[in-house]
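Based on the sequences and whatever the hints tell you, model everything.
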Amino acid sequence: MSHDQFDAQGRLQHLLTLADLPRPTLLGLLDRAQQFHTQPGAAVPEYDLLAGATVVNLFFEASTRTRASFELAARRLGAQVLTLDMAFSSTNKGESLLDTLYTLESMNADLFVTRHQEPGVPETLAQHSRPFVHIINAGEAHVSHPTQGLLDALTIRQHKKNFEKLSVAIVGDIRHSRVTRSAVQALTVLGTQDIRFAGPAELLPDDLEGEKFTNMDKAIEGTDVIMMLRIQKERMQAGLIPDEREYSRRYGLNVTRLKLAKPDVLVMHPGPMNRGVEITSEVADGPHSVIREQVTNGVAVRMAVMATLMGK
Amino acid sequence: MSHDQFDAQGRLQHLLTLADLPRPTLLGLLDRAQQFHTQPGAAVPEYDLLAGATVVNLFFEASTRTRASFELAARRLGAQVLTLDMAFSSTNKGESLLDTLYTLESMNADLFVTRHQEPGVPETLAQHSRPFVHIINAGEAHVSHPTQGLLDALTIRQHKKNFEKLSVAIVGDIRHSRVTRSAVQALTVLGTQDIRFAGPAELLPDDLEGEKFTNMDKAIEGTDVIMMLRIQKERMQAGLIPDEREYSRRYGLNVTRLKLAKPDVLVMHPGPMNRGVEITSEVADGPHSVIREQVTNGVAVRMAVMATLMGK
Amino acid sequence: MSHDQFDAQGRLQHLLTLADLPRPTLLGLLDRAQQFHTQPGAAVPEYDLLAGATVVNLFFEASTRTRASFELAARRLGAQVLTLDMAFSSTNKGESLLDTLYTLESMNADLFVTRHQEPGVPETLAQHSRPFVHIINAGEAHVSHPTQGLLDALTIRQHKKNFEKLSVAIVGDIRHSRVTRSAVQALTVLGTQDIRFAGPAELLPDDLEGEKFTNMDKAIEGTDVIMMLRIQKERMQAGLIPDEREYSRRYGLNVTRLKLAKPDVLVMHPGPMNRGVEITSEVADGPHSVIREQVTNGVAVRMAVMATLMGK
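Residue numbers (my numbering), protein chains in the order written: chain D, 1 to 312; chain Z, 1001 to 1312; chain E, 2001 to 2312.
Because the hints were derived from the structure by calculation, they are not lab data. Don't take each hint at face value.
Unchecked claim - To spell it out: a stretch of chain D is covered by chain E in this simulated footprint if at least three of its residues, at any positions, have a beta carbon under 8 Å from a beta carbon of chain E; those stretches are:
1) 34-44
2) 70-80
3) 270-278
4) 296-307
Glycine included, C-beta positions come from ideal geometry on N, C-alpha and C.
Here you go:
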């Protein structure tokens, strides 16, 4: 599947998944992102790498923060950005996904950023788009969220020297988590071998390799990185997992539990957080947390991906 | 009515309708649009003709594609674009149409692009706006959609040498079609005499000259251009026309039927299409189709209209 | 409370309220706004004072015109603008107000424009934001709407020489009016002493100094400025005030009533107007009305506030 992302000359044309992404390609994206990284409060450079280009945000699933991140990334590169809230608008008239693509590429759109609750949409768009068009997967069902995986990898790299020796625990609703799948793919390419999953048995995955724990304490023991996942409250209502209080007691990250990990452990969360449920505010805002750095890196990674795909 | 569009010096101030538009004015707009035309995949030039200008999209009727086309056209000319989704927002507080106009022109808006399901709105805005303001009709009830008429004319001109000798068939819900009315006006100015309408009897118009057919096969026989219209499924539910299957059988364009037209016939559709209802995918994506070219020309035409109205 | 607005060097960091704003600061903002003022129809200069800056519109309460005014102000200064309609979007996932702030400032947002139906939100954001971030209150419950107060003051200053000797009547739902509170604060700083309030007894305020009238005629007698407020029809439905007809008879501004004021009285309204209820069209569009000038000044004032906060 992943070679669909490359054009005939072997250049990255789309970013659909991190699975099997060659290590030099992935490292190249991280290096580029590091160059685009701007510390909050510092002056944001204005680039013209994408001047004249049109970036379309085609979001079928609502997302304020991811949309904002892509929109700022594109604009800071000098692109025109068109944001279409597909959850409401075009489907009114029942235009098909592909006709929306054909219409917008006929308006000289160059790059589509898409998010959809169903699997396969980014790949479908990539298969049917004209040769000059680029697709970025900004969240695909439970399957893939590659720019999230890249920003997670970049954030870890800014703090840890060596991916090979890392122990990483991912905690929460692993089964439904595109964040997890993309993080695992990135870490695997970068050489990390010790990736552990923790969560209620019903939410552990069938399709992922790595040690699985229903006991969070055991999973995070001695880890360098803990990635907490957002728990969907709808899953509680469906009775799949315990209520908030019980969930928090068993799978929430708090200061006491954090001591089980290495002293220099990094705490990550893709946001938005349910404070007091999967993570306490003391941890989220504490010295181990790199959660806000992830957000800053998100913009940088998206700039790197856009510039790379557009050959700039 | 149409002389409302011109200012005291005879310059086009608004674009409300194509009815009675002088032939040189219409040809001038097409020539200008041709200059702005950019092949998909080619680099889009960035103009500064509208630098400092503010374009307001005042859409009372939802439209992803038309709004996107106008937004890109304005931005590629260097304008600031403000998009107001009037279907939801301002009417919350019950501000009248004219007060919305007065407010936005007091904020130095220069050009309003408006779409409304009721007739008369663009003209009302033009009558009450200050002398420095320009109004573009982006879709008015069943009455008028002048930029669509222009893009249809431009698309035909790119393929056919002579409008006078053309045979054009328009098929579908003619009665409720602003697309048809603007296309007929444009073609009439350009000298086309043989314009035929086909559709269920209930959907044929009272107010348009031209031969009318309830038999589509007869209508398209020997034509140079077939313009298919989008059928509103609501009209089926209302029982005004047959169901999808029957409609498709009688008024859908398929490969077999297409052979009745001239060998170099152009197939057009304003979009969004109901594939498999008024048109088969084989035809929509086939060699006669210029449907995607229409979309590309739409941006060019809107750039031409904006630049012309603003005196640039 | 108001000293929260200033940083350690005494520079205005946020604009949360006009209460106790030092007179030189307020006059400086008005002078700056006068420089940014552009007559409708004149060419709008494009500034690059905010080039590279990111302005986020964080509107929890819908508002087409105020959002448009801030958006145009920011863009005309060269900023990137990100508009988040918080009434619909992010709260979907239940992200807290502060996490939204932390996320967006981590994306290098510099300036937040916020509007909320609950009191305290702008101050909360100011207290928790990083040192490089600026907050502008664009409407806070019934409490404060400082840019409205500034634009009202600027509009009066363009017509009247002296604030000290002015008589100003404010008419309508004073109790729930943030517009009134900010106008009174601005006028008080500028030295106006004669500020009168008129409205139904239930809608007169407890917390504002100034003479109160239930008889509008007495209130506006001999005034230099009449500020009419928008009446919320919901209050009528709640039975708090008379119906439209009766309200209009007792508290509506018409031509007859206007003669009670000074011959050069200014008529103001923050918009959107209920024409025929709190004000007749004859007055709203008549020679005393400066209502459209208020809108033009609104953009200028917001440009001045943004440039000043950003230290430009």
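Here's how the hints hold up against the structure:
no., hint, result
1, 34-44, "holds (count 6)"
2, 70-80, "holds (count 4)"
3, 270-278, "holds (count 5)"
4, 296-307, "holds (count 3)"
The structure agrees with every numbered hint stated previously.
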